[in-house]
Amino acid sequence: MMFPRLFTPLTIKGVTIRNRIIATGHLTHFASTDGLVTQRLIDYHVARAKGGIGLIITESMAIHPSTAQSQYTIRLYDRQVLPGLRELTSQIKAYGAAVFCQLHHMGREMTSVDTMRPVVAPSALMDPLKREVPHELSKAEIRELVEAYATCTAHAREAGYDGVEVHCAHGYLIQEFLSPLTNHREDEYGGSFEGRLRFAREVIRAVKGAAGQMVVGIRIDGDEFVDGGLSLEDVQEIVVALVAEGLDYVGLSVGHDLNYPPIFPSMDFPLGCFVYLASAIKRLVDVPVYTSHRINDPALAERILEEGHADLVAMTRATLADPELPNKAKEGDVDGIRPCVGCLQRCFHRLRLRAPISCLGNPAVGREREFAPLPASQPRKVAVVGGGPAGLEAARVLALRRHHVVLFEQEEELGGMLRLAARVPHRDELMGIARWQILQLKRLGVEVRLGQRASAKDLAPFDAVVLATGAEYGPPSLVVSEQVPHYNTLEALELGEAEVAGKTILVVDRDYHNKALGLAERLAQMGAQVVVATEEAEVGVDLDLVNKMMIWERLRELGVKSISKARFEGANGEDVLVVHEGWERVLRGVGAVVVVDKPKANTLLAREMESQFPEKAVYLAGNCAAPRLTPEAIFDGYRIALEI
Amino acid sequence: MLAVVLLKKAVFLSESALRPQPVQGLLATRRPFIGAHDLAALHHALSLREQAAVSRVAAITAGGSEADVILCQAYALGADEVFRVPWEGDAGLTDASPVGRVLAGVLAGLPAGVVFCGHLSPDSGRGLVPYVVAQSLGWPLVTRAVKVQMTPDLPHLRIHRDVGRGNREVVECPLPAVVTAVRYPSGWRYPKCARLLAFRRRNVPTLSPPSSPGMPSEKRWLADMEMTRARPRPKKIFTPDENLSAAERMKMIVSGGLKAKKGKVVDGSGADAASKVYEVLVECGYAPK
Ligand SMILES: Cc1cc2nc3c(=O)[nH]c(=O)nc-3n(C[C@H](O)[C@H](O)[C@H](O)COP(=O)(O)O)c2cc1C
Ligand code: SF4
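As you go down the protein sequences, you meet chains V and H in turn.
Position one of the first sequence corresponds to residue 1029 (the working numbering), numbered consecutively onward.
Position one of the second sequence corresponds to residue 40 (the working numbering), numbered consecutively onward.
Honestly, the hints are just simulated from the structure, not real lab data.
Only a predicted model underlies this, so the values are computations on that prediction, with no experimental measurement involved.
Even for Gly, the Cβ is constructed at its ideal location relative to N, Cα and C.
Among the hints, erroneous ones may be present.
[What the hints assert, rightly or not] Here are some, though not all, of the chain H residues that point toward chain V, as calculated from beta-carbon distances under 7 Å:
id, residue
1, E281
2, A285
3, G295
[Said to hold, decoys possible] Taking lysine-lysine pairs in the DSS-like style, the calculated list, with each CA pair at most 27 Å apart, reads:
id, chain 1, residue 1, chain 2, residue 2
4, V, K1158, V, K1589
5, H, K186, V, K1041
6, V, K1470, V, K1078
7, V, K1576, H, K290
8, V, K1041, V, K1236
9, V, K1356, V, K1121
10, H, K186, V, K1236
11, V, K1358, H, K274
12, V, K1589, H, K290
13, V, K1158, H, K290
Given only the sequences and the hints, what does the whole structure look like? Please build it.
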């Protein structure tokens, strides 16, 4: 076996976990708006259980009416959820995975939109992200919450869970009590180390009391990464004290409202970069420890186990991206694993949009039933034109369904827009998706014709045609100054160091996602002084919070400046007049302007097909249907391949 | 129920007839002491008493009055009673088998529910006595215990055994039984001064075996409970310095932890490698300008 340690079972208090791969709690938004379990949620987890995962910790569930992450939060305090949960746990267990329940109270790190009650916390300190001032919990309210944890533990037990995990991480209620940054109480629940620990202790005792034979564990941040907050040493002390209360395992995590990005680590974070936190805890305790964050490769997971840093390895988004990862790793089919590239585009970002999660590379997430690629009843000859993410996905799924597929790509290389996207600093991992798709095409025996621009005539012999011809960048949509050279996105990507070093470059964001920021970084790295401007409220207004925070960290170091709500009112040679919220500012010595527009759909071939073969079944996938982002392109390819 | 701990008077290696004498001269005092495994055995017995699984702990040794010093140590560490079985010869080395039989005879006359011994003594290190005792009494023998608990319902002990390479096996053993211990568990016990002084005021009672020791009772079997594999010790892993600011720590992690370690990269042709390296040395102040 390729990964012997990964596939060694582990027994925790009588619960045998068949291998060391686990999915940590992750909110899916698959529950109903009443917080009830849906078939969609069951299908999602069953797919992972079938895929061979050892343990699933289901999403964080509300222990009390004063907490809700969104309207899709499962209300564990309400007995109405129990029949659904029972169904969920029994189906997960039927496929051999163990299942734990995450008990959760968000504390101040939420808004009252969904609960319509005051947000509560140990101290009345405003949450910097959600910007609501919480109500400081009274002692009676604390007692009520402790009881709520016990009640919900009993509910989890009734629902058939193998264990419960008390969420002490991510800056939520329990961490707020633990941390001196958020706990300013002067009673016995604050002040000293023991005082701040009291609430966690009481909760764990209450949970242990109600858990019976169930496993009881915690998830905790290994370091708050905020000066004056909990450091790794503090957390070591806390964990040792809590393990003495009889915990059966400890899970390590990182990130909270004062340091948000690590909760959902993007591709800016190196793989396995927080393993050291688990390692530091594992040295001290006898109970099993799990690590998480950016572990997407079974070889890395095996190494973590081999080096003794943890007993279980969370591969949460990795199994979100490919639920079959454990089975494939067991069989040694490493190339078959669809990678999680840490883009956050369809998991975390969709949570922020209050939409159900999915995955950039795996459109079947959350649609396990409808999107099962069943073999076609009548295999047909299908041409796919365009080897970008949409075309590759269409070709892959069509071939999987046993259609005869020929893929045309006018360039000498596959990958399309993903190849360009990966050229921006820190985005190279994106190409991992295309690489995986290309590999699958090879395995499935898809005929790929590189360097061949397909004409309508070439497509005539096929039963169906999928056009994934992408989009193009035209001339910049804005001229700031006639005397200064202007570039579109593609041209800007081709600029070399000699052309940009020492110049002031104005990057205008009319794409509103990551491209302007990515180009700004690339140009700044080559020695340009970069100003990014946008007519919107901020640059990259549609980019998710984590990616935006991470890129700005680097842009700040590179001295990149930004102007939001900018109007270009005139120019005098290289001096550009910008108006921002009533202020006028002259940007002097602008040597070049990059206008990052949305691309235009390339519909040439589609129109040709329509005029020459109006009867032919022609489908448009990705940017050639309407210019959007990579996840939508892949989704189109998958959806269309199911329709044929 | 009584837990009995059999202690051996250990002496430094230079006393051993079977071992070379590497530290002779250095260790001239030759003061008897309790070996590490015997201490572990005593610890297990005392911890069973703390769990209220046994009511008293008795420590027994075989030897002349010079062996009382280790009984004194056992008493100071918390044993309720101490006894010496008079023995003229070398209780651990050449006489292991007869000593074992005599001790078994003594034990047969006590209400002992469990007998603990060290797995090996530091001097002779043959570990024969517990085998002989168990065989003579017809009791089950569980070796290499690292953790001992009483099961809640039955008069059984749940024993975690060290089966090598860090692996652990858990067995359940019916009582009475003989258990050998290998490792001192965490949580050191210290001798109590008051008990040391109290010991001086006592005479160590001696016990003699009956002339014909009883026959082995009916056979009892161990129940295998589980086998756990060794938990590997974590290897050293890059951990940012706690003294750095939070932002610095995070920066190190995001940059792959190598930021602080990354050396300067000098590129260019092989021909000017030497001069380029020299420039770097000058820049860093390692070489004169
Ligand atoms: C969509 C999504 C929802 C999440 N919800 C939770 C949650 O409910 N509870 C929790 O402890 N962590 C939550 N997390 C964090 C994950 O458990 C995990 O720590 C994170 O994704 C990093 O691990 P990974 O790189 O293995 O995915 C969530 C992550 C994602 C992407
Ligand atoms: S959307 Fe991106 S980050 Fe989320 S699971 Fe899929 S690949 Fe990973």
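Chain V contact restraint on E281(H) - CB to CB distance below 7 Å: This hint holds: E281(H) lies near chain V, its Cβ roughly 6 Å from the closest one there, short of 7 Å.
Distance restraint between K1158(V) and K290(H), which requires alpha-carbon spacing of 27 Å or less: Satisfied, since the Cα-Cα distance of roughly 25 Å is no more than 27 Å.
Pairwise hint evaluation, K1589(V) against K1158(V), where the allowed Cα distance is 27 Å at most: Between K1158(V) and K1589(V) the Cα gap is close to 26 Å, so the pair holds against 27 Å.
Agreement of K1356(V) and K1121(V) with the hint, judged by alpha carbon distance not exceeding 27 Å: Measuring from Cα to Cα gives roughly 20 Å; hence the hint holds.
Given pair status - K290(H), K1589(V), alpha carbons within 27 Å: 21 Å, holds
Agreement of K186(H) and K1236(V) with the hint, judged by alpha carbon distance not exceeding 27 Å: 23 Å, holds
27 Å Cα cutoff - pair K1041(V), K1236(V): 13 Å, holds
Hint consistency between K186(H) and K1041(V) [alpha-carbon to alpha-carbon, up to 27 Å]: Since the Cα atoms of K186(H) and K1041(V) sit roughly 17 Å apart, the hinted pair holds (cutoff 27 Å).
Restraint status (C-alpha distance of K1576(V) to K290(H) at most 27 Å): The hint holds at about 16 Å.
Per-residue hint verdict: G295(H), partner chain V, C-beta under 7 Å: Holds - the Cβ of G295(H) comes within 7 Å of chain V, reaching about 4 Å at its closest.
Given pair status - K1078(V), K1470(V), alpha carbons within 27 Å: Given pair K1470(V), K1078(V) holds - Cα atoms ~26 Å apart, limit 27 Å.
Holds or violated: K1358(V) to K274(H), with C-alpha atoms at most 27 Å apart: Given that 27 Å is the threshold and the Cα spacing comes to 25 Å, the pair holds.
Figure legend: structure checked against the earlier numbered hints; every hint is met.
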